[in-house]
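Visitor: Please build the complete structure, drawing on both the sequences and the hints.
2 protein chains.
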Amino acid sequence: MALIVAKFGGTSVASPERIQKVAQRLIAKKQEGHDVVAVVSAMGKTTDELVALAASVNTSPAKREMDMLLSTGEQVSMALLAMAIQARGYQAVSYTGWQAGIATDDNYSSAKIDNIDTHRIREGLETGAIVVVAGFQGITTEGDITTLGRGGSDTTAVALACGISADVCEIYSDVDGIYSADPRVAPRARKLDVVSYDDMLELSSEGAGVLQARAVEFARKYKVVIHSRSAFSDAEGTLIKEVAPSMEQAVISGIAHDTSEMKITMRGLHDEPGIAAKVFSILASNNVSVDMIIQNVSTDGKANISFTFPGSQKENAMEAVNRAAEMLDASQILIDENIAKVSLVGTGMKSSPGVAARAFKTLAENEINILMISTSPIRISVVVDGSQVEAAVRCLHTAFGLDSDTIFEETQLSAEEIAAKMNKGR
Amino acid sequence: MALIVAKFGGTSVASPERIQKVAQRLIAKKQEGHDVVAVVSAMGKTTDELVALAASVNTSPAKREMDMLLSTGEQVSMALLAMAIQARGYQAVSYTGWQAGIATDDNYSSAKIDNIDTHRIREGLETGAIVVVAGFQGITTEGDITTLGRGGSDTTAVALACGISADVCEIYSDVDGIYSADPRVAPRARKLDVVSYDDMLELSSEGAGVLQARAVEFARKYKVVIHSRSAFSDAEGTLIKEVAPSMEQAVISGIAHDTSEMKITMRGLHDEPGIAAKVFSILASNNVSVDMIIQNVSTDGKANISFTFPGSQKENAMEAVNRAAEMLDASQILIDENIAKVSLVGTGMKSSPGVAARAFKTLAENEINILMISTSPIRISVVVDGSQVEAAVRCLHTAFGLDSDTIFEETQLSAEEIAAKMNKGR
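Protein chains in written order, with the working numbering: chain A, 47 to 472; chain B, 47 to 472.
Hints were generated in silico from the structure; no laboratory data involved. The reader is advised that the hints may include incorrect statements.
As the list makes no split between identical chains, a pair holds if one copy fits it or if it spans any two.
Claimed, not checked - Straight-line C-alpha distance at most 27 Å; calculated BS3-like pairs for lysine-lysine:
1) 109 - 76
2) 267 - 287
3) 75 - 109
Guide: Below is the structure:
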């Protein structure tokens, strides 16, 4: 007899058939005696289609109107899901973000939730209905529709779970939980039963796309237990929750990798104070999200700066760097589009010295060259050449004792699920 | 310097290109110094597509969820229209039905407007923006989304025009005004400059699909001047407004025809009181909208009842009639699917006796057999065989002096416009 928030992403509601399956799943929970609030994303590629439609009438549409447009995507899927539940003889009621009381600031397209007035959701639950809420959207105090930006539906689910004091926030997706590494890259990866908020946050930030870092951050702040599980099977997934420090912890929880970044190196800069500040303020003003940075001085007294950034921002980054190079007399600009970041994550690292050394030694033994290094108290990230990402993940996975006895077989998945996994960072 | 409400139907916003044209049109009005509130329908076939999507998950979806679903259609087109206006450097702001303050009852799928809180629209206008409002939708006092049903967007436009005391409510469609008859049927039909509310109401009710009767009724009640005009040309259309009785009026304003009805005849009923009541209460309980009714008694003392109804309700009608026939021992049921109703409409009829006689004589001279007759103080409708509808409209059009000197050439229209006209009753 629990109160459950269950979030289904765009892939899970991509077609009427899949919506029917989600309806069955929610009804099964209801039949077990639970109260259920479902949170849904827009169907499949709907959001992309709406973005394209907007682009056809305005190359840089106002964000208020964009949010007005995009919020229709979830409104369609939530109404259809409510209908599908009703078709099976169960009560359901759907609410848009504003009807569900999700109040946000007016930062259109990436609004933050200020608070949630849950009275309509509670009313819906009291009538015995399965309540279906549109993810990704909210309303300003002025009464304008906002969207929460990337990862918004996960955030809606976690925020609602917090608002109604749900026992668990189940996040359904095309993968069946959090793995110690991407099973397609490391076939001996194992599904984790539990991951701490801190570790999940690092894993999410470093390329494990199953959960959005923002939602995990919210969950950590309000102690919402997340259950990451598959929309296509009944298997238990991974719990993301507070893990007592006294618990016996593995040194490393998992290994994330990310091949979506690129690296730019500026050579021959005058070695004087403020150079890095200039470069990165130009990049920031061009909306480039810089990840890792290295600055060093070569033998000729000139400075070199390297940094990584999302490959999708390549044009903005090059434009900014060319401007900076002119200003700072750089002798050369190099871009490496084929890099990979591999990150070891584990809260246990804090109490276990020598992790970095062991990681670097392992990579060296496997003849994998480290291009850049970045660390946090519970994470070690290295940048390697893109061609070596699989080898790097595998040898680290083995070296840190993460290998499972069973080998993950990709053929267990349908072509559809594999396609979905390939696209999991969306 | 007027305040204008301009409504554009689904055909007018069916593609990004057409939305751009609507934006240009609205901007032209703004440039002339007018304040503009646009009301839009969903793009093209969007509503049909959403209905099909709903049917794929639930064969009889709850109306609340249906309205939730369908209301997204206008939300998409209004956001795109606002973006298209902004792309041209003009201010625009879009509002959903609930944001525009359109309060309705909770009669989902065919809600009635209770009142309109126009403060957001006024605020928008005060900032100098072109205000774009979603047609067809409103909100209940509980905060649930409703739709207004068939003709809802026209009604939204008229109601808003009333609420903000607009000078005129322009209703743009694929036809350029109200004609004395359908030009495709009567090539000498003339475009009318002015039509009274009463005549327009009869014309709309009797098959002239340009304006929805419901919107005309609303306009008549609140004295809103409607300008029915083409979305594809700048030509003046037809004004629908109060016409002073003292004005010199034509006897007949126009001739409407309607081929969408069917006729059922029940024969051999016992001629006793209450038979008609029984037949029509069964039809009503089956949601059949009966139009014309004839009851007579044949020589054998048995009663015959004939009635017409929308062809789209054929199944419901037959089911009801079969039930009634069994109850009342009818000897025979006949259905005629190929009939046409031709209606002469004109307020001038009231002060001009002999119109009916002249109409019947004209039809007789042209060897057109009258199957049924129905009249109101300003309308005479006859049902004729479907094969004779063109002949009937043309001979009446000529007989009542409506013929124009110029002949309407269908080739003046693009294939698209013709297709749109063919579909104008939607």
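Visitor: Each of the hints needs a verdict: does it hold here or not?
Guide: Hints, one by one, checked against the model:
Taking CA atoms no more than 27 Å apart as the test, residue 109 paired with residue 76 passes between copies only; the shortest distance there is 23 Å, against 38 Å inside one copy. Taking the shortest Cα distances, residue 267 and residue 287 sit within 27 Å of each other inside one copy (11 Å), while across copies they are farther apart (62 Å). Only between protomers do residue 75 and residue 109 lie at most 27 Å apart by alpha-carbon distance; the minimum there is 25 Å, versus 38 Å within a single protomer.
The structure is consistent with each of the numbered hints, conforming to all of them.
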